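Student: Each chain, letter by letter, is given below.
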Amino acid sequence: MKVKSLTYSIALLLAGAAHADLPGKYDGVTLQAKLIGGQQYEALYSRIADWEAATGAKVEVISKKSHFEIDKEIKSDMAAGTTDWCVGSNHSSFAPQYIGLYQDLVPLLAGADIDAYVPAIIGASKVGGELIMLPRAQFDVSALYYQKSLFEDADNQAKFKEKYGYDLKPAETWAQVSDQAKFFTDPPNFYGTQFAGKDEGLSGRFYEMLIAEGGAMFDEALKPTFNSEAGVRALNWFVDMYESGAVPKGTTSYLWDELGAGFASGNVAINLDWPGWAGYFNDPEASKVANNVGVVVQPKGSAGIRTGWSGHHGFSVTSDCANPEAAASLVWFLTNEDSQKHESAGGSLPTRTAVWEHVINTADSDYRKGVLATFSEAAQHAFPVPSIAEWIEASNVLFPELQAAIVGEKTAQEALDDAAKEIEEVLMDAGYY
Amino acid sequence: MNFAQSNVYQRTLKRVGKVAYILILAVTLMIILLPGLWVFLNSLRPINEIMAKPPVWIPQSLSFDHYKAMFDPVGSGGVPVLKYFRNSLIISLSSTLIALLIGLAGGYAFARTHFKGKRHWFLGLMLTRTVPGIALSLPLFMIMAKLGIIDTHFGVILVYVALNIPFTIWLIDGFFRQIPIELSQAAQIDGCTPWQAFWKVEFPLAKSGIASAGIFAFLTCWNEFAIASQLTRSIHSKTLPVGLLDFTAEFGVNWGGMSAMAVLITIPAIILTFLVQKHLVSGLTFGAVKG
Amino acid sequence: MIDTKQKTTLLLLSPAIIVLVMVILGPLIFSLYSSFTPFKLTRPDSINQFIGFRNYVRIFGDEDFWAAFVRTIVVLTIALNLEMLLGLGLALLVNRATMAQKTLRTIMMFPMMFSPILVGFQFRFMFNDNIGVVNNALQSLGITQEAIPWLVDKYLAIFSICVAEIWNSTSVFAILILAGLMSLPKDPLEAAEVDGCTKWQTFRHVTLPYLMPFLYIAMTIRSLDIARAYDIVQIMTGGGPAQRTELLWTMIARTGYVDAKMGMANAMSYVAILLSIFFTVFFFRKLNQARHQLGVGL
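Protein chains in written order, with the numbering used here: chain G, 1 to 433; chain X, 1 to 291; chain A, 1 to 298.
Since the hints were derived computationally from the structure, they do not count as laboratory data.
Mixed in with the good hints there might be a few duds.
[Claimed, not checked] One-sided and incomplete, this derived list gives chain G residues near chain X with beta-carbon spacing under 8 Å:
{"no.": "1", "residue": "39"}
{"no.": "2", "residue": "73"}
{"no.": "3", "residue": "264"}
{"no.": "4", "residue": "413"}
Because the structure is a prediction, the values reported are computed rather than measured.
Glycine included, C-beta positions come from ideal geometry on N, C-alpha and C.
Turn these sequences into a full structure, and let the hints steer you where they fit.
Tutor: Next comes the structure, spelled out in structure tokens:
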């Protein structure tokens, strides 16, 4: 098979038509792929058969695993040097870690419609200036979900106005979220809000709050600067929510599934969460708040900047791939307009401008239209995590310290100083300074 | 206190004791069973009832929806659970069988022969089991990736055999010590070869010891996750515990589906244990202690 | 000269030895080597760089590591001892039953059949402070009005993990102890009764000494594969919050795979292996002593 495909790519090179018209003809080529598994991601994979039919090539899915498992496997592959498979699922937050594993797609995609993707997302798909992944219709940025009935209740409105001196409406700033959360809280049956309390979830939430407060993770020399005043303000927002009991005491053990389940169970008033939950929250079979869900664009911090930590899934082509043109063709095909329409029909957000319009126009309910309008605005304020290979490692140093501050073992300043010191060591070991 | 009174007193005491015993037993069994039954119940309930707050104590609508969904095509709610089941079965049964054969040979050697430093060799063999999977998984991955046996039944079986050898040898060794060596000698005098003597005389006597070693080995393989998650990748070899993660996505866990699959994973183990539990107890009785 | 008998021994033992060398010893040597390098998964060349004991010096100077080390020992000691006591109780209960022995025994072994990863998911869900069944039950019964943060509180989080681990593994003790009880010779028991011993005295001086080897066997077996508790902890708390439930294995897994610092992780692994070996050898010795006292030979 290998010999065959090699001769084929030579033939292609000779023909001088390596990649003009994706997807192309690749008879006899077999591409090995490692794909992320799970319900949310697998509907798209039925399109692989279409690509096979169009090109004559075959795709062999040699691995299908969950997000973190596939990350582990890819790293193990790098260590073992077994990286001659071709196509891999990738994620913008994880991508910078895989140094040298994936190749720049720009030369392979000459003539393809790269400008049809949302430019900011293409920007976030680059590492060191190279386009190492093409984004699929799995874009994530968080917006603010809330229970509509609570905000519409006249009694609540009057009491809130009396207590805080301004009208009760879906929050525009994080300070307002804080007031409202405290106002609605009635433990143990009802909480004002909640947040991801561990792993990259917590680091990410802190990171976006830091930006919204006008701070930055690192300076230009990559020295940690998040232990600034803005950092302390950002962290104290979480500390205050926890201490005042406006979030469940278990929140530091929560990750996305607990948070989604919590809001769907109807005992959380306001919930910053991902677009993937929108359908679930409004599904009477799964959620107690169905038909009572509002979504507004995520609030601003004190610096007037909105939070907007974002990430997206995509596909990459390995540097060791024997058939990079075929692989690029597949990657493009799985992220082209039809594929993105197909995938976003499942409720996830597209990463192509035209598909955005398509999904908004074809939304089947007012709720869905509202959700999409909100998230398309939310996406305007989105920003990715710092593009360094050590982001995940830094996050693993950071989140236990954040937790320590939240549960009251350290002050915000102490926790951030300790984390900054340790992250500086990590980056020093990595050879940045 | 006359005799009759004391008798009544004794009887009452006995009856109270009996009631107390049944009560304690019942509570204990409840504690053991509840977490499992809770999973089973959840596998039959719709998600919004599982997640309800305030809780729904009396199930309102039971259905096999999660089970049905599990068998749907991949991508529309299903998980290739039959393939995982097949992989688990092949891997667990073959590893158990091979581990038993190797354990039989090794255990017999320890029980029947004397050599220098035997006890240290024995302890050394046992200690190979202390190495946590996490320390082995990467080197194994690297070697197997180079050999091209990643994501094959063979690779996983090989590792599982190694995991089960120490305990299997231990149990079987203990068991053979119980069987007087004279039996085999007598058979040989009657004209059997040592090989025949072993299979005809000693092996049948050691059966329940082998069965108990087998069930421990099987459960270890059937439930193992850390190493399987590293050495398997796709429907070619993914086992049930690894497949359980198919119900997790980056942002969510499908508890209903997961519960249904959990029930599916556990049932074969329960059936098997029920079938061999008699051997298990008698096997362990002699096997380990007198080793 | 090797005689035939020794040849047979060697032949019989060789499959076991070959497999163990291939699958355990070989990889272990590789791990050992890599613990002297700054090996990073994503920078495979780093395996060639020898840095001596730097990884070890680092972890020995790391407070978090020692905290996890001590926590691991404490959790192991508590969990193993409770499992032993509960297993003993359970075995005594089941052994007394006059009916439905077969069913009772199967129920007794029920938790053992659950995959640790499954147990982790199950208990994480049950101990969820908001929608978990434990808090729901406590609140419905009016025992508390609070949402108890089982997986977050300093002590409760460790407690919850121990509960899950104990639920999962007590069966192993119970089944081994039950085997012991069933093989208990009748004569000494009857003799004790004739001598007018109370039930407690009989248990203390006749039954228990006889059971000791079984207890130590169970202890040895459990300390051999105690590392499988990793699955449970990883799923339930992942070592958090604020490293309150960090055990050596969760730390090793995160350092090795998420941070990709495999060299460092392997250095930690070696400390963890030494710990397991210590526990195992300790109980193995006890086992041999107990056998000796019973006079069942070695």
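Student: Hint by hint, note whether the structure agrees.
Tutor: Now for the hints, and whether the structure bears them out:
1. 39: holds, 6 Å
2. 73: holds, 7 Å
3. 264: Constraint on residue 264(G) satisfied, holds at 6 Å.
4. 413: violated, 32 Å
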